[in-house]
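Asks: As you go down the protein sequences, you meet chains A and B in turn.
Under our numbering, the final residue of the first sequence carries the number 353; numbering is consecutive throughout.
Under our numbering, the final residue of the second sequence carries the number 1468; numbering is consecutive throughout.
Check the hints yourself; a few may be wrong.
[As the list claims (entries may be wrong)] One side only, chain A facing chain B, incomplete, derived with CB under 7 Å:
no.: 1; residue: Phe64
no.: 2; residue: Ala303
no.: 3; residue: Gly307
no.: 4; residue: Arg330
[Said to hold, decoys possible] Here are a few chain A residues that face chain B, going by a calculated C-beta distance under 7 Å:
no.: 5; residue: Leu12
no.: 6; residue: Glu56
no.: 7; residue: Phe77
no.: 8; residue: Leu88
no.: 9; residue: Leu322
What the hints contain is simulated information worked out from the structure, not anything from laboratory work.
Don't be surprised by glycine CBs; every beta carbon is placed ideally from N, CA and C.
Residues per chain are reported as follows:
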Amino acid sequence: MLAELCLGLVMLGLAAYAVLGSADFGAGFWDLTAGGDRRGGRLRGMVQRSMSPVWEANHVWLIFVLVIAWTAFPVAFGSIFSTLYIPLFLAAIGIIFRGTAFVLRGQAATIREARVLGALFALSSVLIPFFLGAALGGIASGRVEVGNAAGDPVSSWLNPTSVLIGVIAVLSGAYLAAVFLAGDSERADQPDLVRAFRARALGMGALTGVVALGGLLVLRDDAPDLYDGLTSGGGLVMVIASALAGTATLALVWRERFGVARFTAALAVVCIVVGWALAQDPYLLPPELTLDEAAASDATLSAVLIGVGLGMIILAPSLWLLYHLVLQGRLDQEYEPLDQRFRPLTASDEDPQ
Amino acid sequence: MAGPAFTMFAQQVVETLGGEHQPDTVLARQMQALSLAVHIPIVCFGIAFPAMIVFVEGLYLRTGDLAYKALAKRWSKVALILFAVGVVTGTILSFEFGLLWPDFMATFGEVFGIAFGLEGISFFVEAIFIAIYVYGWDRLSRRAHFLTGIPIVISGFTGSLNVIAVNGWMNNPEGFDVVDGRVVNPQPWDALFNANMWHELIHMYLAGYIVAGFIVAGIYAYAWLKGRRDRYHRTGLVVTLAFASLAAPVQVVIGDWAGRQVAESQPVKLAAFEGVYRTQDGAPFTIGGIYDKDTGEVKWGIEIPKLLSLLAHHDPNARVVGLEAVPADDRPPVNIVRFSFQTMVGIGTALALLGTTFIVTWFRKRRLPRSRWFYRGVMAAGPLAFVALIAGWITTEVGRQPWIVYEVMRTDQAVTAADGLEVGYVFLVCVYLGLGAAVVWLLRRLTRRPPATEVGAPVAPARDEEPS
Ligand code: HDD
Ligand code: HEM
Ligand code: HEM
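Extracted from the complex, chain A is given alone in its bound form (with noise of 0.2 Å):
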């Protein structure tokens, strides 16, 4: 019992990570995607004040995510660790180079400086995910053995399940980001920044359930325990749930109804973790180690809980507090396009497009 609540804070804090980290990766990529200086330059410079306050606070999910793993699962992050040393090196390079890059980029002088760093931060806001997700998809498909560096290094994450992971985790996360980029620019009223991140998060929408359910048959020969698991039972009631929840963001983003497409959005993200869960349920590394040998013994399993129980208590309202304020625009900048500073005004400023 205990170690299934501390499994649950690491699923919490996964489905959060897969939420608004992913969210923030995926503005990464639109930003990356958008065009030149003049074009993008409206897209970006939505894209920098809608992530500035966030982003530290929605990165840390990420390490809430480690830190639990470590204590309440040790000798499984040890394993995880120490094979899929490769993916997981490159994703926390990554994570530096983003994160300088974008409070850098806030900072830039010249469009040629902010080009530089908007590449790198929006080239490793693509990478991280793929990344983390590859790691992800070695541990589902059973290829991570329980030992000191005991998996293949390489074959632990290049197959076909964790190249799957990766690019469904690139996709939904820049799917998540138009959907809120787009509520954003309802905010901020810039209609035309609407219609394009509209545009965009129909489109990924539609391309990241394609390939989600075709991936289902990557699984099928790839991981079959991994496929039966999500073919059957709560899994099954999961991607279920999750497509019913990406259609209806589908609806609800072509009727420009942003605020609540967001809740929808997020909410097919967590059903597929929940599932994925569920799919491997008793497994913590498959095909070896369950969940209840993995688990540390009961007096850190409890400490866990009591402590991380005792930090929501000051957690849960502060995070509260900052999303309420997001949500409400207290926090929000003046919206400029990003490559406006670095020129003058002009008259095609007011009319874009």
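With chain A held as given, fit chain B with the ligands onto it using these hints.
Replies: Showing chain B with the ligands alone in chain A's frame:
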């Protein structure tokens, strides 16, 4: 285990994951040390800067003087940037625990992990409020804005408490039993509040104020020498200098406490601080010199009789345990540890003197010192404090060797069995160099912007004549 015994026995554990270990741990240790040496100086700002900012904002609320507001706002932007860098470098550290030391985590994660859980929550709170604080300027009411600064200060403290608790635990492990070489019966709360935590915490916390305070003060001291002495620059100088100067003399006292704690819980480490080979009564303190492994003597040092016994145990004739108490394999590399220790103590003493000069002048004469040398001293103090910080950590960490968990697990038992560390190492060095260059570049850009841009109004340009 400890105590003034002549021979000490380690109670070594068997590692949980096992497997082929690296032939040597140098690369992994270097990577860990490098990442820490990047993270720690940055988080000094996360520890100390918020308190200074909130203080200056308090001055603004009391006086309504825009110069204070401009200063607090400018600093809060710097703090946000440094916070971001602290976040990413801290993330690397968390990853490195698993990437470099999987068996340390697998074997002991359940014992000390809880501390990091609480640390995570603290930094969560810090991240939330720092965002609200920085983006909330002029958008929240003045009082509400001021209040959102306070959780940043508190969570910086509790976050540090929890990480430092882990380091204290590695140095003085408790809260578990070893049965047949296996770690059993973890008591995470005992591990968290271990006997080494308190001195390390306070010492590190003060170090945060000393490092951040003197580095920022150094920038304003430079401006001062260049003749920029308006209220804005003057406040920047006085506030940072005051925080650092108050902390510096106290640091010496805490350092003494730390030394006594080490003498008690890690006598061999203390022997390495001082290059004491033979266990002896009334041990001398040697300044400078080089420890010679073959003879067990310190050559070319200046010896002060009985001082070490006096410092370590507050009794000139007390017995000090020497390196000979443990087999050669269990001794840390003496010269590195000793040199670092002496560097820290030397710098610490100098900073305490500098700080005292400032405090005394300020309280007796109600003005800043006049000598240009004082300002040059302040400019030097920042880099020196940084050196002392790193030296202190080298003292603690290398002094713990060859153990990762003191007398329980060896560093080479903990290390990863994966290959490719060389590649990772080179990569990481390049990344940190780039990161350092980028941050310096950014901060210089920020400081060049005139203060008025922060408040959209001229900031009391009048030269503030000092009351004399
Ligand atoms: C600005 C930085 C700074 C300054 C001025 C000093 N120290 Fe320090 N010292 C540190 C920063 C530091 C630290 C933050 O780097 C360490 C590493 C571990 C710790 O708890 O604090 C440390 C550790 C450390 C230890 C080892 C603790 C252990 O291994 O558990 C001792 C004995 C001292 N210090 C003693 C002193 C003395 C006697 C000082 C003054 C004269 C002094 N320190 C000034
Ligand atoms: C090995 C040890 C360490 C690890 C694994 C570690 C990990 C981390 C992580 C993950 C973060 C980011 C938190 C976030 O996302 O907001 C962080 C930030 C921070 N760390 Fe560390 N840390 C270590 C050592 C230390 C030490 C020794 C201190 C000092 C007391 C410290 C003080 C801080 C502070 C104050 C922050 C907040 C960020 C900032 O102010 O820039 N850390 N650390
Ligand atoms: C909370 C804090 C800290 C934790 C949990 C921690 C943990 C570790 C670990 C796991 C290692 C590798 C194993 C070993 O060599 O024993 C290590 C080594 C090291 N750490 Fe720390 N550390 C902490 C703080 C620091 C800080 C702040 C520094 C400073 C700059 C530092 C400097 C070093 C150095 C120099 C080594 C390498 C030792 C060697 O090469 O012999 N540590 N630390």
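Asks: Against the structure, test the hints numbered earlier, and report the numbers of the ones violated in rising order.
Replies: 5
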